[in-house]
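In the numbering used here, the protein residues as written are 7 to 688.
Each hint should be verified, as a subset may be incorrect.
27 Å max Cα-Cα, derived DSS-like pairs, lysine-lysine [what the hints assert, rightly or not]: (1) Lys575 x Lys643; (2) Lys358 x Lys327; (3) Lys575 x Lys151; (4) Lys575 x Lys440; (5) Lys158 x Lys408; (6) Lys595 x Lys440; (7) Lys158 x Lys643; (8) Lys378 x Lys440; (9) Lys358 x Lys158; (10) Lys652 x Lys595; (11) Lys408 x Lys358; (12) Lys440 x Lys408; (13) Lys197 x Lys158.
Ranges of calculated distance between the beta carbons of each label pair, as one might list FRET restraints [unchecked claim]: (14) Ala155 x Val492: 39 to 47 Å; (15) Asn546 x Lys197: 26 to 34 Å; (16) Glu244 x Leu585: 18 to 26 Å; (17) Asp96 x Val492: 53 to 61 Å; (18) Gln122 x Gln567: 42 to 50 Å; (19) Ile375 x Leu473: 41 to 49 Å; (20) Asn663 x Asp279: 55 to 63 Å; (21) Ile302 x Ser31: 49 to 57 Å; (22) Glu244 x Pro671: 51 to 59 Å; (23) Asn546 x Ala155: 32 to 40 Å; (24) Arg117 x Glu45: 26 to 34 Å.
To be clear, the hints were calculated from the coordinates, so they are not data collected in a lab.
We put the CB at the ideal spot given by N, CA and C, even for glycine.
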Amino acid sequence: MTPGMGLLKMSVGQPAPLGASALSSHCWNFAVYAPDATELVLCLYRPDTEELLGEVPFIGRTGEIWHLAVQGIVEGTLYALKADSPNVPDAGLRFDKERVLIDPYCRRLNRPQIWQERQYVNRSHYALAKGVLEQNHFDWQNSVKPNVAREKTVIYEAHIKGLTMQHPEVPEHLRGTYLGLCHPAIISHLKSLGITTVQLLPVTAFMAEPRLSALKLTNFWGYNPVSFFAPEPRYQYEDAVSEFKTLVRTLHQHGMEVILDVVFNHTAEAGEDGPVLSFRGLANRQYYLFQSHGEIPDYQNYCNFTGCGNTLNVSHPMMQKMVLDALRYWLTEMQVDGFRFDLAVTLGREYKRFNPYAAFFQIIAQDPIIAKAKLIAEPWDVGPFGYHLGQFPAHWSELNDKCRDTFRAFWRGDRGVLPEFATRLLGSRDIFQKHHKPASCSVNYLSYHDGFTLHDLVSYNQKHNWLNGEENRDGHGHNLSYNHGVEGPSSDPAILAARYQHKRNLVATLMLSQGMIHWLGGDELSQTQHGNNNAYCQDNPISWLNWQLDGPANKFLHFVQQMLALRQKFACLQQLSLLDDNYQKHGDKHQVHWYLTDGTEMTEQHWHQADLACCMLEIENTTLGRSLFCVLNGSAKNQPVSLPAKVQQLVFDTALNDGLTPVEPVTQHNWLQAAHSLSVWQ
7 MTPGMGLLKM SVGQPAPLGA SALSSHCWNF AVYAPDATEL VLCLYRPDTE ELLGEVPFIG
67 RTGEIWHLAV QGIVEGTLYA LKADSPNVPD AGLRFDKERV LIDPYCRRLN RPQIWQERQY
127 VNRSHYALAK GVLEQNHFDW QNSVKPNVAR EKTVIYEAHI KGLTMQHPEV PEHLRGTYLG
187 LCHPAIISHL KSLGITTVQL LPVTAFMAEP RLSALKLTNF WGYNPVSFFA PEPRYQYEDA
247 VSEFKTLVRT LHQHGMEVIL DVVFNHTAEA GEDGPVLSFR GLANRQYYLF QSHGEIPDYQ
307 NYCNFTGCGN TLNVSHPMMQ KMVLDALRYW LTEMQVDGFR FDLAVTLGRE YKRFNPYAAF
367 FQIIAQDPII AKAKLIAEPW DVGPFGYHLG QFPAHWSELN DKCRDTFRAF WRGDRGVLPE
427 FATRLLGSRD IFQKHHKPAS CSVNYLSYHD GFTLHDLVSY NQKHNWLNGE ENRDGHGHNL
487 SYNHGVEGPS SDPAILAARY QHKRNLVATL MLSQGMIHWL GGDELSQTQH GNNNAYCQDN
547 PISWLNWQLD GPANKFLHFV QQMLALRQKF ACLQQLSLLD DNYQKHGDKH QVHWYLTDGT
607 EMTEQHWHQA DLACCMLEIE NTTLGRSLFC VLNGSAKNQP VSLPAKVQQL VFDTALNDGL
667 TPVEPVTQHN WLQAAHSLSV WQ
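When you get a sec, could you build the whole thing from the sequences and use the hints?
This is how it looks when you write it as structure tokens:
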């Protein structure tokens with residue numbers, strides 16, 4: 007017995023569930039997957055100083071699972087693991103009996119995992135965050151999941167810290183925390199927009215890359231996981247687990263869902279020269295994908311389909327089990343409502359190639375818990391043949407970058423875009439085909455965390471990522487942006503007016519489009535990142551939302567609120583029920599008509615006119631005999647328009663009154679649609 011450990015009683019324990027689980031108030035079972043290890047050791051530490059209390063060898067093994075039960079552990083004790091076996095990198099064995107490891111199934115870490123090179127090289131256990139052994143009892147106060155229909159979903163993408171760090175009404179001690187995000191001021195803002203679902207950038211524990219640490223930068227976004235179960239301690243005030251649950255409970259009580267951005271494609275252990283933190287030190291050959299010579303794996307070369315040095319082998323049964331266990335844990339214990347899967351093509355790679363019928367997708371479809379959740383795929387990765395938009399199962403939704411790019415190109419004034427613009431506006435049915443998938447498979451968006459903000463999209467022609475330390479080589483170069491004559495900030499009233507009208511056109515188009523709506527948090531505030539379209543390493547005001555709005559920005563906020571309210575008001579904007587689409591029935595029937603500006607119906611030959619950039623769209627509710635008309639003018643000239651006699655009133659025009667509802671009713675059948683603008687009539 008090691009001094010300071012107290013009286014402990016060890017027994018064989020059970021092989022399930024994996025991780026640390028409480029058998030009673032002071033008795034814990036530990037089960038760890040380590041198939042190639044010859045010895046596994048449990049390390050226990052003091053919760054205040056992380057001083058080593060002692061080490062206990064695992065005494066049970068069932069197949070590839072090591073297990074141990076320990077009686078007498080005090081609540082709050084910290085733990086980690088050590089694994090021993092021959093260290094043969096050529097054979098994929100990366101064992102080091104002196105190096106401590108995070109339990110892959112750890113539910114809570116005592117502190118953020120921060121790269122400490124000297125401590126790591128010296129194999130100091132202080133280089134690693136530790137698991138916390140505690141039972142978390144939480145009162146959900148009878149809150150329930152909102153279960154918002156896919157077609158009614160409006161997602162607000164937010165970063166826990168970035169959203170709240172500069173909000174004047176959030177108390178300073180809560181800014182940048184889980185509790186800060188559920189503060190009444192934030193809730194009020196989200197509800198004023200009509201948000202149904204909050205999508206959080208990664209909240210599972212992560213570590214900044216050693217390269218960024220050397221540059222005195224950090225991985226602000228959090229796409230570098232060290233754990234799939236433990237919430238990130240950086241965002242806690244005192245206890246990450248209970249405070250994250252408080253966040254979910256509060257949003258649910260206000261009718262809003264919570265979706266997590268999850269990263270099951272790589273880990274912070276990076277490539278061949280990366281650190282050994284957890285997975286690599288326990289089951290390197292099983293958890294990761296490797297290059298191969300024929301059928302012989304080359305264990306010195308990790309597959310890098312993610313651009314982060316390694317790729318998780320989700321087709322392996324145990325890695326697959328870990329992912330599914332993590333999804334169920336967040337859906338049940340943490341009560342979230344769904345997931346956005348980063349680089350989701352990696353999840354469907356079998357034998358290194360994407361398979362739309364992969365076992366992973368089949369298992370999820372049959373799982374009684376996960377199948378009910380909202381599932382959103384980023385339908386690409388950076389590996390070979392990595393782009394697969396439209397190829398995920400019908401109960402998944404997918405980020406539609408073609409929708410983003412087409413909306414941007416049309417309102418930038420690119421020629422010949424109208425036919426594809428019409429297709430994207432009505433649900434991208436060339437990709438998500440009628441009779442097989444609903445239009446809500448398409449997640450329509452204007453901007454995302456990786457790319458220009460909406461305000462920067464109309465203010466910069468080029469990316470300006472110099473502060474990222476990569477000589478502006480990082481970030482996407484194909485942005486379809488337009489600065490309206492000046493690169494960056496401008497005080498010219500004409501340029502400012504053109505920029506805000508450009509933004510209003512994009513926002514109105516997004517809200518009129520068929521599909522699930524995704525909104526980048528901060529775009530409603532005219533947030534700028536000063537031209538940085540890859541601010542992943544900027545934990546500073548570049549990424550923190552600025553809540554101090556000037557006059558034009560405040561009017562734009564009201565316009566966004568108006569557009570979201572318009573979408574909620576008209577069911578036809580959420581889900582069209584067309585006569586030729588039998589996938590879903592939604593009561594009222596709709597028809598869509600396209601007209602030229604003189605009121606004549608468009609024919610096929612009109613769609614082939616490259617210079618045509620102005621037309622009218624009618625969405626007709628044939629059941630109720632009502633219609634919405636949209637006049638689109640993507641050209642650089644004002645266009646006279648002959649509206650049908652049944653048109654009664656102007657709802658809004660992006661070129662008038664800052665796009666807000668007209669002060670006086672407008673009922674004109676001969677209308678002049680301003681250049682680069684759109685209007686909606688009923």
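Hints, verified against the model:
Annotation: proposed proximity of Lys575 to Lys643 is violated, straight-line Cα distance about 31 Å (limit 27 Å). This hinted pair checks out: Lys358 and Lys327 have alpha carbons roughly 19 Å apart, not beyond 27 Å. Distance hint between Lys575 and Lys151 is fulfilled; the C-alpha atoms sit about 23 Å from each other, no more than 27 Å. For a cut-off of 27 Å, the pair hint linking Lys575 to Lys440 stands: about 25 Å separates their Cα positions.
Distance restraint check for Lys158 and Lys408: the Cα-Cα separation of roughly 21 Å lies within the 27 Å cut-off, and the hinted pair is therefore satisfied. Taken as a hint, the Lys595 and Lys440 pair is honoured in the structure, with Cα atoms around 15 Å apart against an allowance of 27 Å. Proximity of Lys158 to Lys643 is assessed by CA-CA distance (about 35 Å); at most 27 Å being required, the pair is judged violated. Proximity of Lys378 to Lys440 is assessed by CA-CA distance (about 22 Å); at most 27 Å being required, the pair is judged to hold.
At most 27 Å may separate the alpha-carbon atoms for a hinted pair to count; Lys358 and Lys158 exceed this at roughly 36 Å. With a C-alpha separation of about 19 Å, the suggested pair Lys652 and Lys595 falls inside the 27 Å cut-off, and the hint holds. For the hint linking Lys408 to Lys358, the alpha-carbon distance of about 25 Å falls within 27 Å, and the restraint holds. The suggested pairing of Lys440 with Lys408 holds, with an alpha-carbon distance near 18 Å, which does not exceed 27 Å.
At most 27 Å may separate the alpha-carbon atoms for a hinted pair to count; Lys197 and Lys158 meet this at roughly 15 Å. Between Ala155 and Val492 the CB atoms are about 43 Å apart, so this pair conforms to the stated range of 39 to 47 Å. Taking the beta carbon of each, Asn546 and Lys197 are about 29 Å apart, inside 26 to 34 Å as hinted. Separation of Glu244 from Leu585 is about 57 Å and departs from the stated range, judged on CB atoms against 18 to 26 Å.
Separation of Asp96 from Val492 is about 58 Å and conforms to the stated range, judged on CB atoms against 53 to 61 Å. The given range of 42 to 50 Å is respected by Gln122 and Gln567, whose C-beta atoms sit roughly 46 Å from each other. Distance hint check for Ile375 and Leu473: the Cβ-Cβ separation is about 43 Å, which falls inside the suggested range of 41 to 49 Å. Between Asn663 and Asp279 the Cβ separation comes to about 59 Å, which falls inside the hinted range of 55 to 63 Å.
Distance hint check for Ile302 and Ser31: the Cβ-Cβ separation is about 51 Å, which falls inside the suggested range of 49 to 57 Å. Distance hint for Glu244 and Pro671: a CB-CB separation of about 55 Å, consistent with the stated range 51 to 59 Å. The hint said 32 to 40 Å for the Cβ distance between Asn546 and Ala155, and at roughly 38 Å that hint holds. The supplied range of 26 to 34 Å is met by Arg117 and Glu45, whose beta-carbon atoms lie about 27 Å from each other.
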